[in-house]
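Trainee: Chains as they are written, first to last, in our numbering: chain F, 1 to 120; chain S, 121 to 240.
It is possible that some hints are incorrect.
As the list claims (entries may be wrong) - Selected chain F positions facing chain S (in silico; Cβ < 7 angstroms):
no.	residue
1	Asp5
2	Ala12
3	Ala34
By construction, these hints were calculated from the structure, which means they are not laboratory data. Note that the coordinates shown come from a computational prediction; the quantities given were computed from them, not determined experimentally. We put the beta carbon where it would ideally sit given N, CA and C, even for glycine.
Protein chains: 2
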Amino acid sequence: MISFDQSFAALADPTRRAIVERLAEGEATVQEIARPFSISQPAISRHLKVLEDAGLIETRVEGSARPRRLKPEAMGMLWNWLGQYRALWEAQFHKLDAVLEELSNEEQPVPHDPREVHHE
Amino acid sequence: MISFDQSFAALADPTRRAIVERLAEGEATVQEIARPFSISQPAISRHLKVLEDAGLIETRVEGSARPRRLKPEAMGMLWNWLGQYRALWEAQFHKLDAVLEELSNEEQPVPHDPREVHHE
């Protein structure tokens with residue numbers, strides 16, 4: 001079971017989001033995960049622990065190797081939570097679009113007819 | 121521009137997620153937002169400030185009213201970030217399904233053919 005509190009808190013960090021992006025491509029060892037980062041391996045391990053405690057990733061045991069992998073069901077739950085009212089916030093998007101379009105139409109100057117004769 | 125750090129941190133709280141769910145249904149005043157909660161209106165206002173600082177909601181000025189509303193583009197950005205590797209984590213889901221199916225097939229006893237003659 002994932003915790004929404006812990007999961008969203010875990011994602012509130014750019015390094016941890018980058019780790020999630022890396023693991024979305026497939027499982028990886030701590031060494032592989034740490035490689036592109038300029039921070040120490042123990043610091044990466046601490047970030048991995050936060051992600052694992054939140055239920056977003058898990059450790060697989062394979063001999064002496066401990067590859068980490070994403071838990072797709074956890075990602076799916078967060079995605080579904082954000083998406084549950086998508087129809088509603090997309091409707092607000094479209095309403096905003098309509099208002100902006102109306103405003104831009106109002107701002108357009110009425111085309112001037114050069115044949116028009118002005119009486120003042 | 122939304123901050124992913126601040127947005128995900130803002131959502132790491134059950135009251136703030138409930139406020140987002142309320143506002144997904146349409147804009148509301150602080151009084152309306154506070155009504156279903158057993159916490160004080162100043163506490164709700166503090167939660168609203170966290171959500172507004174994160175760029176997830178905004179305040180509309182209408183006479184003396186200050187209704188809050190969700191910023192759909194911010195919700196959309198978070199949803200898209202979570203969904204960007206969806207094909208990848210869904211593939212992992214299906215791989216897991218396939219493994220589970222294979223395991224359950226292995227556990228199923230081979231149907232016994234009563235016409236079969238055993239020679240021992």
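Trainee: Give a verdict on every hint.
Mentor: Status of each hint after checking the structure:
{"no.": "1", "hint": "Asp5", "verdict": "5 angstroms, holds"}
{"no.": "2", "hint": "Ala12", "verdict": "4 angstroms, holds"}
{"no.": "3", "hint": "Ala34", "verdict": "20 angstroms, violated"}
Checked against the numbered hints given earlier, the structure breaks only hint 3 and satisfies all the rest.
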